[in-house]
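Those protein sequences? They're chains A and B, same order as listed. Note that my numbering has the first sequence beginning at 69, numbered continuously upward. Note that my numbering has the second sequence beginning at 40, numbered continuously upward.
You may find that some hints are simply not true.
Here are some, though not all, of the chain A residues that point toward chain B, as calculated from beta-carbon distances under 7 Å [as the list claims (entries may be wrong)]:
#1 Gln109
#2 Lys169
#3 Ile171
#4 Gly175
#5 Ala176
Stretch by stretch, here's where chain B covers chain A in the computed footprint (C-beta under 8 Å, at least three residues) [unchecked claim]:
#6 81-91
#7 162-168
Result set (DSSO-like, lysine-lysine): computed pairs, CA atoms no more than 30 Å apart in a straight line [unchecked claim]:
#8 Lys147/B - Lys108/B
#9 Lys147/B - Lys146/A
#10 Lys169/A - Lys147/B
These aren't lab readings, by the way, just hints derived from the structure by calculation. Idealized CB from N, CA, C, for every residue including glycine.
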Amino acid sequence: GAGVSQSPRYKVAKRGQDVALRCDPISGHVSLFWYQQALGQGPEFLTYFQNEAQLDKSGLPSDRFFAERPEGSVSTLKIQRTQQEDSAVYLCASSLIAGPKNIQYFGAGTRLSVL
Amino acid sequence: AQSVTQLGSHVSVSEGALVLLRCNYSSSVPPYLFWYVQYPNQGLQLLLKYTTGATLVKGINGFEAEFKKSETSFHLTKPSAHMSDAAEYFCAVSDNEGGGADGLTFGKGTHLIIQP
Numbered sequence: 069g070a071g072v073s074q075s076p077r078y079k080v081a082k083r084g085q086d087v088a089l090r091c092d093p094i095s096g097h098v099s100l101f102w103y104q105q106a107l108g109q110g111p112e113f114l115t116y117f118q119n120e121a122q123l124d125k126s127g128l129p130s131d132r133f134f135a136e137r138p139e140g141s142v143s144t145l146k147i148q149r150t151q152q153e154d155s156a157v158y159l160c161a162s163s164l165i166a167g168p169k170n171i172q173y174f175g176a177g178t179r180l181s182v183l
Numbered sequence: 040a041q042s043v044t045q046l047g048s049h050v051s052v053s054e055g056a057l058v059l060l061r062c063n064y065s066s067s068v069p070p071y072l073f074w075y076v077q078y079p080n081q082g083l084q085l086l087l088k089y090t091t092g093a094t095l096v097k098g099i100n101g102f103e104a105e106f107k108k109s110e111t112s113f114h115l116t117k118p119s120a121h122m123s124d125a126a127e128y129f130c131a132v133s134d135n136e137g138g139g140a141d142g143l144t145f146g147k148g149t150h151l152i153i154q155p
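Here chain A stands alone, though its shape is the one from the complex (with noise of 0.2 Å):
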């Protein structure tokens, strides 16, 4: 596709649900990245494949929260359990190529509400 796309736009969940959130980064992009954006906040990294290897996910809040992508393209984040404060703009992003220095393209987000 010509951009990031992520779905669903909009979720919401009952405490304790388990959601799964998609993203597709744009084809052939090696890097992937998800970042997560409480209201009024900047983005905040949460975890970081390169390909289909997972080489970060220090920013990932709790043991509650999972990322795979496991062919390299499309990625799922999943959070089991979910809780009030887990409410924000969760944000997907790809890059061409790995290295701190190359664009991050990103997706419109998911918004998901806990209820």
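Start from chain A and add chain B according to the hints.
Frame of chain A; chain B shown alone:
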């Protein structure tokens, strides 16, 4: 560890006036610096970036930023504001210190308001 400080959560300017959005960073190694813009219900769009070379960087929509190492700053400017510039602006930093993580560290953002 790296960090970004954006002074002013809200900045209001008149249409046609100078836009100045401030960003200061901390990094123990030479940083890579970015400005992104976010319109409501949209993803972040890159305005410009500094990696190496010329310290004055020109971006899209008439924006530019100057990397000042001595001041650890990367302020964003535009000579003449347009109504369409109203949005949230984020400064971000990355560097080579993060091991396998090429993730960006963002500031908290500055909401730019354009007064007619």
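Cross-check of the supplied hints:
1. Contact between Gln109/A and chain B, as hinted, is supported at the beta carbon level, the nearest pair being about 6 Å apart and thus within 7 Å.
2. A hinted interface residue such as Lys169/A counts as satisfied when its beta carbon comes closer than 7 Å to some beta carbon of chain B; here the least separation is about 4 Å, so the hint holds.
3. For Ile171/A, the interface hint holds, since its Cβ comes within 7 Å of a Cβ in chain B; the closest pair sits about 6 Å apart.
4. Taken as an interface hint, Gly175/A checks out: its beta carbon lies about 5 Å from the nearest beta carbon of chain B, inside 7 Å.
5. Below 7 Å, beta-carbon pairs count as interface contacts, and Ala176/A has one with chain B at about 5 Å; its hint therefore holds.
6. With a threshold of 8 Å between beta carbons, the proposed coverage of the region 81-91 of chain A by chain B is violated, since 0 of its residues qualify and at least three are required.
7. Residue count for the region 162-168 of chain A with a Cβ under 8 Å from a Cβ of chain B: 4. That meets the three needed, and the coverage hint holds.
8. At roughly 21 Å between alpha-carbon atoms, Lys147/B and Lys108/B fall within 30 Å of each other, so this suggested pair holds.
9. For the given pair, Lys147/B sits about 25 Å from Lys146/A by alpha-carbon distance, which is consistent with the 30 Å threshold.
10. Annotation: proposed proximity of Lys169/A to Lys147/B holds, straight-line Cα distance about 20 Å (limit 30 Å).
When held up to the earlier numbered hints, the structure conflicts with hint 6 and nothing else.
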